[in-house]
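In the order they appear, the protein sequences are chains A, B, C and D. Under full-length UniProt numbering, the first sequence has 97 at position 97, and the numbering climbs by one with no breaks. Under full-length UniProt numbering, the second sequence has 2 at position 2, and the numbering climbs by one with no breaks. Under full-length UniProt numbering, the third sequence has 97 at position 97, and the numbering climbs by one with no breaks. Under full-length UniProt numbering, the fourth sequence has 19 at position 19, and the numbering climbs by one with no breaks.
Heads up, some of the hints might be wrong.
Treat identical chains as interchangeable: a pair holds within one or across any two.
[Claimed, not checked] Under the rule of at most 20 Å between Cα atoms (straight-line distance), these lysine to any residue pairs were calculated in the SDA-like manner:
id: 1; residue 1: K75; residue 2: G120
id: 2; residue 1: K75; residue 2: F41
id: 3; residue 1: K75; residue 2: P94
id: 4; residue 1: K75; residue 2: T2
id: 5; residue 1: K91; residue 2: G30
id: 6; residue 1: K75; residue 2: A136
id: 7; residue 1: K91; residue 2: R105
id: 8; residue 1: K91; residue 2: Y34
id: 9; residue 1: K75; residue 2: G122
id: 10; residue 1: K75; residue 2: H90
id: 11; residue 1: K91; residue 2: R44
id: 12; residue 1: K91; residue 2: T2
id: 13; residue 1: K75; residue 2: L104
What the hints contain is simulated information worked out from the structure, not anything from laboratory work.
Number of protein chains: 4
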Amino acid sequence: MTLTAAEVEAVIRAGVPMAEDIGFTVDETGDRGYARTRLVFSERLIRPGGTLSGPVQMALADASMYAAVMAAIGKVEMAVTSNLSINFLHKPAPSDLVGEATVLRMGRRIAFCEVRLLSGEGHQQQVVAHVTGSYALPHDR
Amino acid sequence: MTLTAAEVEAVIRAGVPMAEDIGFTVDETGDRGYARTRLVFSERLIRPGGTLSGPVQMALADASMYAAVMAAIGKVEMAVTSNLSINFLHKPAPSDLVGEATVLRMGRRIAFCEVRLLSGEGHQQQVVAHVTGSYALPHDR
Amino acid sequence: MTLTAAEVEAVIRAGVPMAEDIGFTVDETGDRGYARTRLVFSERLIRPGGTLSGPVQMALADASMYAAVMAAIGKVEMAVTSNLSINFLHKPAPSDLVGEATVLRMGRRIAFCEVRLLSGEGHQQQVVAHVTGSYALPHDR
Amino acid sequence: MTLTAAEVEAVIRAGVPMAEDIGFTVDETGDRGYARTRLVFSERLIRPGGTLSGPVQMALADASMYAAVMAAIGKVEMAVTSNLSINFLHKPAPSDLVGEATVLRMGRRIAFCEVRLLSGEGHQQQVVAHVTGSYALPHDR
């Protein structure tokens, strides 16, 4: 059974140490394997003069892939990231960071995902990082 | 001028928000572009029954690449990660995680690096994640 | 000055050894950095019982990125692939393979691209490979 | 049963369309998952003024991973590349291109490999491309 956005968020917050640190929320899900997520901006995540760091963006991307997988196939606590590849395209604005994650191929054992991280408001919004990655799924799902 | 391990560690701890969170240290550097780094194990970084998360491993890998770059060319505060690709090979042990980072090609504008993350003690030690990535270097170095 | 689809195809066929081998065509371009390309199916590209090989798909993806870059910024003969990452999602059908390439970020020195390789006809068409990659641009463009 | 270098070469030449085109040989194998391969230089693979193209290097890398996998676990005709990521570091010399492929993790279903492509003779030899990739293994091996 697939999960709602709120249910996906609860599973991830309970299981992924960094999700709470980065103020992770799940705003929308789609049962074909889609999730729109959010990192709520906080001064705590940056240094003076700085911006959201690479590792914070990677943490959001990883959690977003997990959210898209669970949106499609339900709660899979034993799913683990198999690989993640991120390209940083632009410096994020000092604002919330939004993740748009899609499962491009749901195999029996591997889900291959794409994530776009979006920063900024309105027509200023742009893709600041592009991510691909795979989740290894448990055998007995 | 190249930097010592202690100097590299100080620059990274001052500039990368997550470095302090993960107990990041630089144990050794080589001026051809090498750094051996460490994430000091802490219960705080895991959840009950869990292990070091993917984002924590990515944070160590990113900081290790940065350390290897500075070991080769000195302090470059404006260097930024251009891309990072990580493959998770084994579940880390509940112990320190060691990063072995090497610059495979130091270009004028891009440094291409490889990192192996090692976990476990003695002959139990194994590569738990393999990482490649690029750092974009400032123009005026 | 940007180039037409026919002009882009001519530059690539003249400069990339494998383009002619794989029956490479450029069907459409867009000046924001878009190209739709095609590998014309031929028995010569497969073995009995086989399908289009991985290297053939990589060759199409590489040429497609190059086409999208030239669609945006005109003829750049000295552009070279800096990296390419491909995920194979499904076995291609015994038919033409279509490349949809987009420049996600056009920097001064690096163009970051995404390519989807599509196989099959009509509503049977599906993404068989997902590709990201960077082209290094010449200094004096 | 593991295979000799000559046996690995014969399987790949029989099954991979491009192997013969690029003059692919297997020079050495190791049963822990290692293969040293070679693309014999030929003017036919380049254009006037050119060098070995990216797709030719990718074809060698892909075949080298396959060779390393078979060196470890024997003939697996149904193994397919799951993903391949290549970073081009230097322009190859007009000489043979050597592949050094290692299986970093042999799982039940996925073999994760690293390949270094080496070009040039003697102490001029350098790594011109660095490759990581995964092979999906058949279920019934």
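20 Å Cα cut-off: does K91 pair with R105 within a copy, between copies, both or neither? Classified as between; 12 Å across copies, 29 Å inside a copy.
Intra/inter-copy verdict for K91 and T2 if alpha-carbon distance must be at most 20 Å: Neither. Shortest intra-copy (35 Å) and inter-copy (27 Å) distances fail the 20 Å Cα cut-off.
Homomeric proximity label, K75 with A136: Cα distance no greater than 20 Å: within (14 Å within a copy, 25 Å between copies)
Copy assignment of K75 with T2, given that the CA separation must stay at most 20 Å: Answer is within: at 7 Å inside a copy they meet the 20 Å cutoff, but 40 Å across does not.
Within a copy, between copies, both or neither: which one fits K75 and G120 at a CA-CA cutoff of 20 Å? neither (31 Å within a copy, 31 Å between copies)
For the identical chains here, do K75 and H90 meet the 20 Å Cα criterion within one copy, between copies, both, or neither? neither (33 Å within a copy, 23 Å between copies)
20 Å Cα threshold - placement of R44 relative to K91: within (17 Å within a copy, 30 Å between copies)
Is it within, between, both or neither when you check K75 against F41 at 20 Å Cα-Cα? Cα proximity of K75 and F41: none, with 27 Å in one copy and 29 Å across.
Go through the copies and call it for K91 and Y34: within, between, both or neither, with a Cα cutoff of 20 Å. neither (25 Å within a copy, 23 Å between copies)
Go through the copies and call it for K75 and G122: within, between, both or neither, with a Cα cutoff of 20 Å. neither (33 Å within a copy, 34 Å between copies)
When no copy is named, should K75 and P94 be tagged within, between, both, or neither for a Cα gap of at most 20 Å? neither (33 Å within a copy, 26 Å between copies)
Given a CA cutoff of 20 Å, do K91 and G30 count as a within-copy pair, a between-copy pair, both, or neither? neither (29 Å within a copy, 26 Å between copies)
When held up to the earlier numbered hints, the structure conflicts with 1, 2, 3, 5, 8, 9, 10 and 12 and fits the remainder.
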